[in-house]
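With chain A fixed as given, assemble chain B onto it according to the hints.
Sequences listed follow chains A and B, in order. 132 is the number that our numbering gives to position 132 of the first sequence; each next residue is one higher, with no gaps. 92 is the number that our numbering gives to position 92 of the second sequence; each next residue is one higher, with no gaps.
Heads up, a few of these hints could be off.
[What the hints assert, rightly or not] Straight line, CA to CA, 20 Å or less: simulated DMTMM-like cross-link-like pairs of lysine to aspartate or glutamate:
#1 A:Lys50 x B:Glu154
#2 A:Lys142 x B:Glu154
#3 A:Lys50 x A:Asp102
#4 B:Lys125 x B:Asp85
[Unchecked claim] Stretch-level coverage of chain B by chain A, calculated; a stretch enters the list once three of its residues show a Cβ under 8 Å from a Cβ in chain A:
#5 16-25
#6 37-44
#7 127-140
#8 148-161
For the record, the hints were derived by calculation from the structure and aren't laboratory data. From the three backbone atoms N, C-alpha and C, an ideal C-beta is built for every residue, glycine too.
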Amino acid sequence: MPELNTSSLPDLIFTVLFFFMMVTSMRDVEVKVQVKTPTGGSEIEKLERKSLVSHIYIGPPSKQYRAIYGAAPRIQLNEYFAEPDAIREFVISERESMFEKDKPLMKMSLKIDQGVQMGIVTDVKQELRKAKALNIVYSATKDKNEK
Amino acid sequence: MGKGKRKVPGLNQSSTADISFILLIFFLVTTSMDTDSGLPRRLPEWNPDEIEQEMKIKERNVMTVQVNKNNEIHVKNGVVNRVIDISELKDLAKEFIANPDDNPNLPVKEDYDIEGYGVVVTTVKHVISLQTDRTTNYQIYFQVQHELSKAYSELRDAWAKKTFGRPYAQLDDKTEQPIVRGMYSNKISEAEPKQYGTAQ
Numbered sequence: 001m002p003e004l005n006t007s008s009l010p011d012l013i014f015t016v017l018f019f020f021m022m023v024t025s026m027r028d029v030e031v032k033v034q035v036k037t038p039t040g041g042s043e044i045e046k047l048e049r050k051s052l053v054s055h056i057y058i059g060p061p062s063k064q065y066r067a068i069y070g071a072a073p074r075i076q077l078n079e080y081f082a083e084p085d086a087i088r089e090f091v092i093s094e095r096e097s098m099f100e101k102d103k104p105l106m107k108m109s110l111k112i113d114q115g116v117q118m119g120i121v122t123d124v125k126q127e128l129r130k131a132k133a134l135n136i137v138y139s140a141t142k143d144k145n146e147k
Numbered sequence: 001m002g003k004g005k006r007k008v009p010g011l012n013q014s015s016t017a018d019i020s021f022i023l024l025i026f027f028l029v030t031t032s033m034d035t036d037s038g039l040p041r042r043l044p045e046w047n048p049d050e051i052e053q054e055m056k057i058k059e060r061n062v063m064t065v066q067v068n069k070n071n072e073i074h075v076k077n078g079v080v081n082r083v084i085d086i087s088e089l090k091d092l093a094k095e096f097i098a099n100p101d102d103n104p105n106l107p108v109k110e111d112y113d114i115e116g117y118g119v120v121v122t123t124v125k126h127v128i129s130l131q132t133d134r135t136t137n138y139q140i141y142f143q144v145q146h147e148l149s150k151a152y153s154e155l156r157d158a159w160a161k162k163t164f165g166r167p168y169a170q171l172d173d174k175t176e177q178p179i180v181r182g183m184y185s186n187k188i189s190e191a192e193p194k195q196y197g198t199a200q
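Just chain A, same shape as in the assembly:
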């Protein structure tokens, strides 16, 4: 029986590899604000189902955007800087893109920089309440040394 020619197998797999590399890096939105989330201990939980989670970033704009947007903390929704009153529309569009049965389970992950002041955070929370997106997660990293 003639042996199967496997000389093209590496190329094939490399193609798959490149495909995955491209897709995974492309799906993430470019974060235009600097966010260093706070660290916590035992109370930090992992977010299980990514499809239920929408992200809101709050932090000072990254260096290349400072000239246009200044250094004061801004809100980023999807790929754009936004004002708090745009959150309701954002929530609605995010909710539209979900399955019907998942809609009540929607979670908003608030990725907020440590140095931000509470004023902007509260504005965002009030808008989320108005938009009936009540499940929120204060995004944080788990510090394993902390009890």
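Showing chain B alone in chain A's frame:
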């Protein structure tokens, strides 16, 4: 010999497929490992009429945690009224929530019927009121939330061990965990931030 030298032996490529497989698996694993984590919270329903509504709660049932613009944490309840360090907050909160010694200055303990378990004596009416200034630092706020959350978790864990013989995380999430949550239910209320001065 001369003819044989010109012929370059082919590189053995049989392992290239395995190498690229390993790379592929590495990428698959690392990209899915990048999960988000955080402190889950539930916001109260938006009710435009309630803003000016004065809540009538007995003084002993309220613990006010105020984080001012200088990021000082001021705690006020029936027994404490001072600026505290973040490390003290958890124990103060635990004492307030559980009221183990039936202190008349701490929340009143009442009979409370938990569905599926029965009547327990607990501080159903306690409220922790968390107040911040618009210029309070988010990190401090987060730590306060985290400590309060930890206070509830530790109380639940202790009660779960006493009642069911297992820590909270090992209980059945459909039947037993709601009972424990009913015993010590999360009553953190967040007021609108106001322009407070430094702590009185």
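Review point. Does the segment 148-161 of chain B contain three or more residues whose Cβ lies closer than 8 Å to a Cβ of chain A?
Key: Holds, because 3 residues of the segment 148-161 of chain B bring their Cβ atoms closer than 8 Å to Cβ atoms of chain A.
Practice item. Examine the segment 16-25 of chain B: at least three residues should have C-beta closer than 8 Å to a C-beta of chain A. Key: Holds, because 7 residues of the segment 16-25 of chain B bring their Cβ atoms closer than 8 Å to Cβ atoms of chain A.
Exercise for review: Verify the proposed pairing of B:Lys125 with B:Asp85, using a straight-line Cα cut of 20 Å.
Suggested key: violated, 26 Å
Point to revise | Pair hint A:Lys142 and B:Glu154, alpha-carbon separation not exceeding 20 Å | key: holds, 18 Å
Point to revise | Verdict on chain A covering the segment 127-140 of chain B, criterion of 3 CB contacts below 8 Å | key: Satisfied; 8 residues make the cut.
Exercise for review: With a C-beta cutoff of 8 Å, work out whether three or more residues of the segment 37-44 of chain B approach chain A closely enough for the coverage to hold.
Suggested key: It holds: at least three residues are needed, and the segment 37-44 of chain B offers 8 whose Cβ sits within less than 8 Å of chain A.
Exercise for review: Verify the proposed pairing of A:Lys50 with A:Asp102, using a straight-line Cα cut of 20 Å.
Suggested key: holds, 12 Å
Check your understanding: Given the proposed pairing of A:Lys50 with B:Glu154, does the C-alpha separation stay at or below 20 Å?
Key -> violated, 28 Å
The structure fails to meet hints 1, 4 from the earlier list, while all remaining hints are met.
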